[in-house]
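Student: Letter by letter, the chains look like this.
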Amino acid sequence: MNTFKIGGVHPNSNKLTAGKKIEVLGLPAQAVFPLSQHIGAPAVPCVQKGDSVLVGTRIADPGGFMSASIHSSVSGKVAKIDSIVDASGLRKPAIFIDVEGDEWEPSIDRSDKLVLQSNMSREEIVERIKNCGIVGMGGACFPTHVKLTPPKDYVIDTLIINAVECEPYLTADHRLLLEYPDQIVIGIKVMLKVLGIDRAVIGIEENKPDAIDLMKAKISMVSGIEVMPLKMKYPQGGEKQLIEAVTGRQVPPPPALPASVGCVVQNVGTVFAIYEAVMKNKPLIDRIVTVTGKEVANPCNLKVRMGTPVSQLIEYAGGMPADTGKLISGGPMMGRPLLDDTAPVVKGTSGVLMLPRSEAARHEERNCIRCAKCVQACPMGLEPYLLATASERSEWTLAEENWIMSCIECGCCQSTCPSRRPLLDWVRLAKNRVGGIIRARNAKN
Amino acid sequence: MTFILTAVLVLGVTGLVLGLVLYAVSRKFKVEEDPRVAQITRLLPSANCGGCGFPGCAAFAEACVKSDSMEGLKCAAAGKKVMQQIAEIAGHSIDQGVEKVAVVKCNGSCANRPKTGVYDGAKSCAAAALMNGGDTGCFYGCLGCGDCVKACRFDAIHMDPETGLPVVDFDKCTACGACAKACPRHVIELRNKNKMDRRVYVSCVNKDKGPVAKKACAMACIGCGKCVKACQFEAITLENNLAYIDFDKCRLCRKCVDECPQHCIVAVNFPEKEPIDNQ
Amino acid sequence: MDQKLYVTTSPHVHCGDTIERNMRWVIWALMPALFASFYVFGVGALIVTATSVASCVFFEWFISRFMYTTHRSSISDLSAVITGILLAFNMPSNMPLYMIVIGALVAIGVGKMVFGGLGCNPFNPALVGRVFLLISFPAKMTSWPVPAGFATSYIDAETGATPLNLIGQIAGGNSAAADQLPSLGDMFMGNIGGCIGEVSALMLIIGFVILLCSRVITWHIPVAIIATVAALTGIMWLINPVLYVNPLYHLCSGGLMLGAIFMATDYVTSPMSTKGMVWYGIGIGLLTVIIRYFGSYPEGMSFAILIMNAVTPLINNWCKPKRFGEVKK
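Protein chains in written order, with this note's numbering: chain A, 1 to 445; chain B, 446 to 724; chain C, 725 to 1053.
Just so you know, not all the hints are guaranteed correct.
Stated by the list, open to error - Derived pair list, reagent style DSSO-like, types lysine-lysine, alpha-carbon separation capped at 27 Å: (1) A:K49 / B:K652; (2) A:K92 / B:K654; (3) A:K80 / B:K659; (4) C:K999 / A:K5; (5) A:K15 / A:K294; (6) B:K660 / A:K49; (7) C:K1044 / B:K660; (8) B:K545 / B:K638; (9) C:K728 / A:K5; (10) A:K49 / B:K694; (11) B:K652 / A:K80; (12) B:K519 / B:K694; (13) A:K231 / C:K999; (14) A:K189 / A:K231.
As the list claims (entries may be wrong) - If you want the ones that stay clear, here's a sample from chain C, every Cβ over 12 Å from chain A, calculated: (15) C739; (16) M747; (17) S803; (18) L821; (19) C844; (20) N898; (21) A900; (22) D910; (23) V966; (24) N970.
Unchecked claim - Quick partial rundown of chain A residues pointing at chain C, CB under 7 Å, derived from the structure: (25) G248; (26) R249; (27) P254; (28) L257; (29) G325; (30) I328; (31) P332; (32) P356; (33) C368; (34) A372; (35) W403; (36) M405; (37) Q414; (38) S415; (39) S419.
Hints in this document: simulated from the structure, not taken from any laboratory.
Cβ atoms here follow ideal geometry from the backbone N, Cα and C, with glycine treated the same way.
Bound-form chain A, shown alone (with noise of 0.2 Å):
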C-alpha cells in the first residue's frame, strides 16, 4: 500500500464519529462572515447595515486576484459591519446578519436530484466556481478557481483528491464519501473537464474501508478516475505526503507548487462544493463540521449553515463538558485553538474538537536530550530540534540553511518530543522571520 517514505507519527485515531449520519443543525439566530475566510486579500463588503439579504446573496466580493467572494448562508437583515474573534483567536471584520426566516436566492437549484451534466465551457465553469465562492475546505483555504487554472508554464497530468482525512476525530469527509458518492464522482469530471486532464486518483486512508469499497464501486463504470488506499499515517493528508504517496513524486521546497509536478490536489468537500456550484447553482454557504470529543455526551457530523456560532454545534453535541481544557477548530494536530465559543462556524471549519484539561494541558519542558525522534518524526526530513534552537537563539541563518521554509507545520516532532520541548512554537517564530528576510531580500533585488 502506498505512503510517504520520510517520517510520520501514528496517533490514536479516535474516530468516534465515523459511523454517524450527517444531520442538519438548525438556523443560528445571528450569523458572523468573518471577511478573511481564505488565503488572499480579505473580501470587501458589498452590502450595508439595513439591507435585506437571501441565502446565497452575495455579501463581500474579492479582495484581488487572489481572493474569494462570501455569500449569505441566511435569509435576513444586515445587523453591522463590526469585527469578531475569530478561529485565528485575533478579532477581524466581520458582517453580522439577523436571521429571519430561510428565503433562498431563487437562482439555486435546491432539489435533491442528480445532476449528471453540464453544458458550461471550461472558463463558465471556473468563473461559476469563482463566483460561488469556492475555497479549499480541506482547512487552508486556497481559492479554488486560482488553483484550478495555473499558469499556462505548468503542465498538470494528475488530479489527486484528498480524502484521506488524516487528523484524529475527524470524519466529514468520511461521511461524504459514504453519503454523497455519486455527487463527488460528477464533481470530479466537471474539475477533469477544467483542467483538461483524463486522470484523477481519489486518496483514501485505510481506516475507511467502507468508504473505499463504495468509491470503488461507483467508479467501476466511470473512466480517468481511480481510488487508491493509503496506509494510515499522519500526515498523510499533507498536500506533499499525498502527492508522493499517489505519484512517487516530491514537490521541490518553496517557492515551487505541487504544480511544479503536474499534480492538483483538492479536498473531497471542495468536490462536493464545486459539484453544487456547478450543479445546481449554489455558493459556498454550508459545510459538514465534526463535532467531537471524548467526553462529549452526544459526538456528531453536523451539516452547518456558514456563520453559525460555535456555541450553537456544541449545544446541539449535548453541550461543552465541565473538564474541558481546549476547544479546538480542527483536529488535534493542527487546528486552532478557539478562545471561547463564540467563533463561527467559517469555510475551513473541519471540526470542534474538546480536549479534556488533562490532554491539552502541556507538561514542563525539560532540556532537549538529543533522542533524534523529532528528525525521524518529521515527514520534511528537517531537523526540528535544530531549528527551534536556532529560533530561540534568534539565529535566522542557520534555520534558513537547515530548510526551515519547508516546514509544513504538522506538529509531529513536538507531538512526540520526550522532552515536552515547544519544538514547533519555535519554528513558527523563526519562519515568520525568515520569511520575512527573504521577501526583504526578494524587494531588493
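Given the coordinates of chain A, work out where chains B and C should sit on it, guided by the hints.
Tutor: Just chains B and C now, with coordinates in the frame of chain A:
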C-alpha cells in the same frame, strides 16, 4: 653538567630564533589600522549590545572614523560625555540630542487585566504574539514572557512577578532600544528622559474600541479624547481609539492625567499633588 | 464552565512519551545482562552495580542541589541510574568500593554535570568514568575474576586472562594462547572473564531486542558497529587465520556488544540522522579493530566511542537527513 648546558643552549637558541621569526612576521603582516579606532573602542562600554545598529563596539568605532560626520552614530550606553570625546577623536562635530529612556506603555497588570485563558506554550513574547490574541481580552498589551528582559544588556529591566509587567530601572537604562525592538507588540518606547527624570505618557497601546478595551482592562485607553481637549500645547493626538502624547511637545503640566477617566495616563517622578480643599 | 480554556497553539495532543519512559526501558534492557553477570561472577557483580548506581545518583543529586543555581536537574529522570549501571558494567566484579565511588564522581561530575546536566554533555559519562578509572587504577581495572558461578567471591576472586587478552596474545604470535580460548558457546552465553556487563553476548542481544521493541533506539548504530567489526576482523582472519581469530570471537569478547548496544547509542552523544548514525558506527568499529590489533590496550571500544563522540557534532553538520524535495546534484 654538559647535559644541562646543552639543554639550556638548545632551548635558548630555539626560543630566540622563534622570537625573531614572530617579530619579523608581525612587522611584515601588520594590519594598518587607524589608531583612532582603537582609541574610540577603549572609550566604549564594550557591552556589544547592538543598540547603535552595528555588530559590536569595534564596528561602531570603525564607522565613526570612516564616516564624515556623526550623523546617525550614537552609542546610547556610552553617555553624552563619552560621545563628545569620541566625536573629538574622530574629528567631527556632534549634536547630542535629548537623553531618552525606555518606557513600558501598559497598565495591564494581573489586577487590571484579568486572564481569559491559559497560555502554556514557549516562554517567548515573539512566539506567543504570533499565535493569537493571547490569554487576556486585550490583544495589544504586554504578553509577560520577558523578551525585553532577555534583550537588555544593562540589567535595566525586570519582570515584576506581582503585576506581570516589566519595570525599567531608570538609572541603569541607557536607551539603547534593545527592549523596544524585542517587544513584538511595541509596548516599549524610547521617550525623552527630561529634567528630574519626569515624564508623562499614555500607558496603553490598545487600539480596540472603547467598550471592548475597557472590558479587557480596567485601565485601558478608551479613546474618549478628553486628554486631547485638555492639552493646551496640542501634544496629544487620538488615532485608532488610542491617545498618544508627543514627548517633544509635552510640557509636563499633567492636566491630561487628571482628565483621563481611566487613569491610564502615567506621570513619573512628580511630587504628590496637594489636595484641592487645602487652598 | 468556570475553568479557563488553554489558548496555546497546535499540536494539542502528545504521544505520551517522556524521558523517564525511555530510561525505564533501558534499565529493563540491562537487567538480563546483570542477571547473567550475577550468575557468572556471583554477588560481587551486584555489590559493584549497587554501589555504582547509588554513588551516581547521590552525586547527581548533590551537585544539582548545591551547585546549580538555575535549572534543577532532577535525579528522577533516571539517567543517573543508567550511568551507574553502565559504569558498573565496565568494571570487573572485584572492584574495590572506593574506586567505584571515585569513578561515579568523575562520570557524573566531569562527564555530565559540568556541562549543564542531561542533554549537554559531549562525551558518554559512563565511559568518561571508566577511562578515568582505567588510567588511575590500571591494575585493578585490568584484572578480572575467573568465573566461578554464584560462589565467586567479591574481593578474593581468583583472576585470570580474558578472551580479549588471549586474542591480543594470539595476534602477537603466541599460538599457545589459542588453546586457552574458551569455546564460542561459552563466549556467547557469558561463562568467561571480563567486565560485569560485557560477558554475555546473548543477554546483551536480548537487551537490544527489548530496546528496539520499546522504540527507545533504532537499529542503525549497533548494526553499523557490529557489521564493521565483523567485516574488518573477517578480512584479517581470511588473510592470516593463525594470527587473527575468527570474527565471532571478536563480537563476543570485550565490550563490543555492550558498547555497540548500550554505550554508543546514548542519545546525547550520538548523531541525529540515520546517515550520521551509520558513519558513526563505522567509525567506532574501525577504531575498535585498530586499537585491538595495533594498539597497546587490549580493549578499544571505550576509546573508539569517546573519539567518535568528539566527532559527533561534525557528523551532525555533514550528515543531514534527506530533505523532502531535495534534488541530489
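Student: Determine for every hint whether it applies to the structure shown.
Tutor: Outcome of the hint check:
Only pairs whose Cα atoms come within 27 Å are accepted, and K49 of chain A paired with K652 of chain B is accepted, the gap being roughly 23 Å. Restraint check for K92 of chain A and K654 of chain B: satisfied, since their Cα atoms lie roughly 13 Å apart, inside the 27 Å limit. The straight-line distance between the Cα atoms of K80 of chain A and K659 of chain B is roughly 21 Å, inside the 27 Å bound, and the hint therefore holds. Our distance criterion of 27 Å between C-alpha atoms is met by K999 of chain C and K5 of chain A, whose separation comes to about 15 Å.
Straight-line distance between C-alpha atoms of K15 of chain A and K294 of chain A comes to about 10 Å, which keeps the hinted pair within the 27 Å bound. Annotation: proposed proximity of K660 of chain B to K49 of chain A holds, straight-line Cα distance about 25 Å (limit 27 Å). For the hint linking K1044 of chain C to K660 of chain B, the alpha-carbon distance of about 51 Å lies beyond 27 Å, and the restraint is violated. Taking the CA atoms of K545 of chain B and K638 of chain B, the gap is about 5 Å. The hint holds against a cut of 27 Å.
A distance of roughly 41 Å separates the Cα atoms of K728 of chain C and K5 of chain A; the hinted pair therefore is violated under the 27 Å criterion. Between K49 of chain A and K694 of chain B the alpha-carbon distance is near 41 Å, which puts this suggested pair outside the 27 Å criterion. Between K652 of chain B and K80 of chain A the CA atoms are separated by roughly 20 Å; this keeps the pair inside 27 Å, and the hint holds. The straight-line distance between the Cα atoms of K519 of chain B and K694 of chain B is roughly 23 Å, inside the 27 Å bound, and the hint therefore holds.
Distance hint between K231 of chain A and K999 of chain C is fulfilled; the C-alpha atoms sit about 25 Å from each other, no more than 27 Å. The suggested pairing of K189 of chain A with K231 of chain A holds, with an alpha-carbon distance near 26 Å, which does not exceed 27 Å. Once the 12 Å rule is applied to beta carbons, C739 of chain C is inconsistent with being away from chain A; the minimum gap is 5 Å. In this structure M747 of chain C is not separated from chain A by more than 12 Å, as the shortest Cβ-Cβ distance comes to only about 9 Å.
Its closest Cβ contact with chain A, about 8 Å, brings S803 of chain C to no more than 12 Å, contrary to its assignment away from the interface. Every beta carbon of chain A lies more than 12 Å from that of L821 of chain C, the smallest distance being close to 31 Å; the non-interface claim holds. For C844 of chain C, the non-interface assignment is contradicted: its Cβ lies about 7 Å from the closest Cβ of chain A, within the 12 Å cut-off. For N898 of chain C, the shortest C-beta to C-beta distance to chain A comes to about 44 Å, beyond the 12 Å cut-off, and the non-interface label holds.
Its beta-carbon lying about 47 Å from the closest one in chain A, A900 of chain C satisfies the requirement of being farther than 12 Å from that chain. For D910 of chain C, the shortest C-beta to C-beta distance to chain A comes to about 36 Å, beyond the 12 Å cut-off, and the non-interface label holds. With a minimum CB-CB distance of about 43 Å to chain A, V966 of chain C clears the 12 Å threshold, and the non-interface call stands. Every beta carbon of chain A lies more than 12 Å from that of N970 of chain C, the smallest distance being close to 35 Å; the non-interface claim holds.
A cut of 7 Å between beta carbons decides the hint on G248 of chain A: the least distance to chain C is about 13 Å, and the hint is violated. At a threshold of 7 Å, the smallest CB-CB gap from R249 of chain A to chain C is about 9 Å, leaving the interface hint violated. Interface hint status for P254 of chain A: violated, as the beta-carbon distance to the closest one in chain C is roughly 9 Å, over 7 Å. Using the Cβ-Cβ criterion of 7 Å, the hint placing L257 of chain A at the interface with chain C is not satisfied: the shortest such distance is roughly 12 Å.
Using the Cβ-Cβ criterion of 7 Å, the hint placing G325 of chain A at the interface with chain C is satisfied: the shortest such distance is roughly 5 Å. Taken as an interface hint, I328 of chain A checks out: its beta carbon lies about 6 Å from the nearest beta carbon of chain C, inside 7 Å. Nearest Cβ of chain C to the Cβ of P332 of chain A: about 4 Å, under the 7 Å cut. The hint holds. Nearest Cβ of chain C to the Cβ of P356 of chain A: about 11 Å, over the 7 Å cut. The hint is violated.
A distance limit of 7 Å between C-beta atoms decides the matter here; for C368 of chain A the minimum to chain C is near 5 Å, and the interface restraint holds. The interface hint given for A372 of chain A is met, as the beta carbon of that residue sits about 4 Å from the closest beta carbon of chain C, less than 7 Å. Evaluation of the W403 of chain A hint against chain C yields a held restraint, the C-beta minimum of about 5 Å falling below 7 Å. Checking M405 of chain A against chain C: minimum C-beta separation of about 11 Å lies over 7 Å; hint violated.
Hint status for Q414 of chain A relative to chain C: holds, with the closest Cβ pair at about 5 Å, below 7 Å. Using the Cβ-Cβ criterion of 7 Å, the hint placing S415 of chain A at the interface with chain C is satisfied: the shortest such distance is roughly 5 Å. Checking S419 of chain A against chain C by beta carbon gives a least distance of about 6 Å; that is within 7 Å, so the hint holds.
Checked against the numbered hints given earlier, the structure breaks hints 7, 9, 10, 15, 16, 17, 19, 25, 26, 27, 28, 32 and 36 and satisfies all the rest.
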